[in-house]
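J.: The primary structure of each chain is shown beneath.
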Amino acid sequence: MAENTNALGEVAVGAPPGMPQLDIGTFDNQVFWLLITLVAIYFVLSRVALPRIAAILAERQGTITNDIAAAEDLKSQAEAAEAAYDKALADARAEAQRIAGETKAAIQADLDVAIEKADAEIAAKAAESEKAIAEIRAGAMEAVAEVAKDTAQDIVAAMGGTADAAKIAAAVDTRMKG
Amino acid sequence: MADDAKGGGGLEFHPMDQFIVKPLFGDVGDPVHWYTITNATLWLALAVLAIIGLMVLTTSKRAVVPGRGQSIAELMYGFVYKMVEDVTGKDGIKYFPYIMTLFMFILCANFLGLIPMSFTTTSHIAVTAILGFGVFFAVTILGFVKNGASFLGLFWVSSAPLPLRPVLAIIEIISYFVRPVSHSIRLAGNMMAGHAVLKVFAGFAQVAAIAPVAIIGVMAIYGLEVLVSAIQAYVFTILTCVYLKDALHPHH
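Line order of the protein sequences matches chains Z and V.
Numbered by numbering that gives the first Met the number 0, the letters in the first sequence go through residues 0 to 177 in order.
Numbered by numbering that gives the first Met the number 0, the letters in the second sequence go through residues 0 to 251 in order.
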């Protein structure tokens, strides 16, 4: 190892053996190759790699933007479809309500007519009955007067008096009115 | 290496040997010319290949839904892009490829350096100084081109009380010129120190009695170095963004 170091020490122009970094004899070599390296890296990056990656990123951004726009479009379509569905539902409901209302009104009208008719019939029947009752009542009053006159005449005869039919009838009429 | 080598029993430490720049082909003693293909050349080239693999090959399918590799490439892109945008503002975006170059190079070089037996190019002050001073000169020239003489307003803290401003200006100027030094030494120092410590722990593992402790130490330091590699790449990049922001908007 010692020989090795000595050999290198001879090559290096006045280099301190401790730090190869300070061996000025190798600087021109390193700088030369470093500059070539940096130029090569710069051309590889600026001509190939960086434009390509920038294009990839831009394309991805474009794809994402398009996808978001498409999703937005589909969403608005779905919303329109839902609105149309809601509207159809509301229309059908309103139509059903209208039909139900009309039917109800028609039935109500029929019902009213029937009730009116029935009321009229009932009223006619009631009036007839009233009349019949009045006749019966009048008949009954006459019969009562007849019976009363007969009874009074019989009583008067039984008491021994002569019954004047006309007087008795007048007396009974007066009593019954009083 | 004499001061690194320790006592008898064949226990020797050569923690700095891993940083020696040597020709890849030929004998160890061959001279290193500026064009010589060295181990530094190899690992710089591997960094380029790693970046091509990470950023180009993974994105070759251009998938809208990314796979694992493409996700990593996009993550790197998004991370640095957002950093540049947040720190320097919208007008700094056009310097994004340069900053991305710096970030990817430092990140890949740091991580490649963690492969055992590898050579860490970013542990060399020659490399990091080129990066640091490159940023310094680029930013300074850009500042004068964009703002003219009013770029000097960077050193004139107009929000401070008037008597204090000359003093602050001197401090600001000194700190401005120290920037490239700290910028480059921070990276090289971190990488070198971590790797040297790893090598020292590995050297202790030669002794059976303390080998378990040394190996656990190597594992712990290695985990720390993984963090340091990523953090140093991040720190270098974000400081570059801050300096760039100063050049574009020199007024506090």
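Read the hints as simulated data drawn from the structure, not as lab findings.
Idealized CB from N, CA, C, for every residue including glycine.
Just to be clear, a hint being listed does not mean it is correct.
Facing chain Z, a subset of chain V residues (Cβ under 7 angstroms, in silico) [as the list claims (entries may be wrong)]: (1) V31; (2) I50; (3) N146.
For each label pair, taking beta carbons as the anchor points, the in silico distance ranges come out as [as the list claims (entries may be wrong)]: (4) V/F176 / Z/E71: 55 to 65 angstroms; (5) V/G147 / Z/A54: 35 to 45 angstroms; (6) Z/A69 / V/S174: 49 to 59 angstroms; (7) Z/A54 / V/I114: 29 to 39 angstroms.
J.: Provide an ascending list of the numbers of those earlier hints which the structure does not satisfy.
T.: 3
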